[in-house]
Every structure is written in structure tokens, then in C-alpha cells.
Amino acid sequence: DVKVTQSSRYLVKRTGEKVFLECVQDMDHENMFWYRQDPGLGLRLIYFSYDVKMKEKGDIPEGYSVSREKKERFSLILESASTNQTSMYLCATGDPYEQYFGPGTRLTVT
Amino acid sequence: QKEVEQDPGPLSVPEGAIVSLNCTYSNSAFQYFMWYRQYSRKGPELLMYTYSSGNKEDGRFTAQVDKSSKYISLFIRDSQPSDSATYLCAMRQGGSYIPTFGRGTSLIVHP
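If you read the protein sequences in the order shown, they are chains W and X. Numbering (the numbering used here) for the first sequence: 337 to 446. Numbering (the numbering used here) for the second sequence: 137 to 247.
It is worth saying that the hints were derived from the structure and are not from the lab. A portion of the hints provided could be inaccurate.
[To be verified] Listed below are the simulated DSS-like cross-link pairs for lysine-lysine, each with C-alpha atoms no more than 25 angstroms apart in a straight line:
| id | chain 1 | residue 1 | chain 2 | residue 2 |
| --- | --- | --- | --- | --- |
| 1 | X | LYS206 | X | LYS138 |
| 2 | W | LYS389 | W | LYS407 |
| 3 | X | LYS203 | X | LYS138 |
| 4 | W | LYS407 | W | LYS354 |
| 5 | X | LYS138 | W | LYS393 |
| 6 | X | LYS178 | W | LYS349 |
| 7 | X | LYS178 | W | LYS339 |
| 8 | W | LYS354 | W | LYS406 |
| 9 | X | LYS192 | X | LYS206 |
Can you build the whole structure from these sequences, using the hints too?
And the structure:
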């Protein structure tokens, strides 16, 4: 069974803080993805990575950056959190085509 | 027009009913079609994965793809309250790692 874990289920941060969301997978998948999910807007791709130290922008990369130093770990960074980044953040891996999602992190920025 | 259209619902049905969930799309290059189920406050889980046109059955679930009409469906037979969730369709082009998701349909199966 593929296991994708995310560092926190719920997170509350203040405006301007630097926020790190971590994702770890145990299946040796090359591809990893970060999405955000908002009511009425569905899943939107922020960044993805197809190899260690490789990253590509998705549809909404503004305000975010990522880091992939090891194959199993993909981090999403909010450089300076803003209230419009309050959302559900979902990490996924791909083997390479089927995507497997983590449980999500509900981030609230106040 | 969005590439993938999906009615958000909610769709409310009695237990035991046959459920039909649908998506339409505009990009004729899509070749692979997926259905995900997402329970409240959880991540989506892959339910069905089909290539090109035709039907695929897995237990109570049947996925149907009609590429000529750019229309895909997920049928759930003998629906159960435990099927209550949001169902997301997704599709991608051959060779692409990135699927395009529908916004999801909320399904409620009441006892």
C-alpha cells in the first residue's frame, strides 16, 4: 500500500509567518505534487517535482516555493503567509501516472 | 469554459439506488480517465482508472467513457451510506503526468 504522510492535519499561522508543509512517501515514486483545494474551485496544482532537486510550476505558484532534497520528501513553503492562502493543502505522489494523495493539511492564516 | 465540467451537487439518493455521476470535457487529447472518492476532511483516493473508450467494472462500481461525446460516467450499484463522499473525475493526455480534475460532485446516500 502506498503511504503518503503530511506533517500536520491542522495548522494555524499568523499573516507574514513563514510556513513549511512537509510530505513524505514510502513508495519510491519519482513524481510528487502539491495541490490546494478550495470550495467551488476544486484541486489546483501549485508545484510538482519529477526528480530530486527538480521542480516545475503548476497553475498557481505565486506565493509558494518548494524543496525536494530527497526522493521521499517534498516540502511546500509559504514565504510570507497571507489570509488568502487559507486552504486545504494536499500532497500526492505518482507512479508515474496514477496519483496517490496524502490526508491533507488544513491551514488557517489569521 | 473549463476543460472538465462536473456538477457539484449535492446528489441525494436513498440507500440501494443506482447512482450516476458524470463529467464532460472539451480536450479531445485526453486518453486516460480516473475517478477519485474523497471523504470529508480526507485526501482523495483512486477508485477507477480507464484508458480510452469503453466500460470498466469493479464490484459495485462501473466507469464508462464515451470519447465521441467527450463524456464519462461512474455508476454505483446498490449504493450504501458509506458511499457518501465527494467524487472527483480526472483525466490526462498520454505521456503527461498531470491530470486535470473536475471540481467534484457531493453524493449523499441516506438510509
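Evaluated hints:
Annotation: proposed proximity of LYS206 (chain X) to LYS138 (chain X) holds, straight-line Cα distance about 13 angstroms (limit 25 angstroms). With a CA separation close to 9 angstroms, the supplied pair LYS389 (chain W) and LYS407 (chain W) stays within the 25 angstroms bound. Restraint check for LYS203 (chain X) and LYS138 (chain X): satisfied, since their Cα atoms lie roughly 17 angstroms apart, inside the 25 angstroms limit. A threshold of 25 angstroms between alpha carbons decides the hint, and for LYS407 (chain W) with LYS354 (chain W) the separation of about 23 angstroms falls inside it, so the pair holds.
Note on LYS138 (chain X) and LYS393 (chain W): the hinted pairing holds, with a Cα-Cα distance of about 20 angstroms set against a maximum of 25 angstroms. For the given pair, LYS178 (chain X) sits about 21 angstroms from LYS349 (chain W) by alpha-carbon distance, which is consistent with the 25 angstroms threshold. With a C-alpha separation of about 14 angstroms, the suggested pairing of LYS178 (chain X) with LYS339 (chain W) holds against the 25 angstroms cut-off. For a cut-off of 25 angstroms, the pair hint linking LYS354 (chain W) to LYS406 (chain W) stands: about 21 angstroms separates their Cα positions.
Proposed proximity of LYS192 (chain X) and LYS206 (chain X) is supported: the alpha carbons are some 17 angstroms apart, at most 25 angstroms.
The structure agrees with every numbered hint stated previously.
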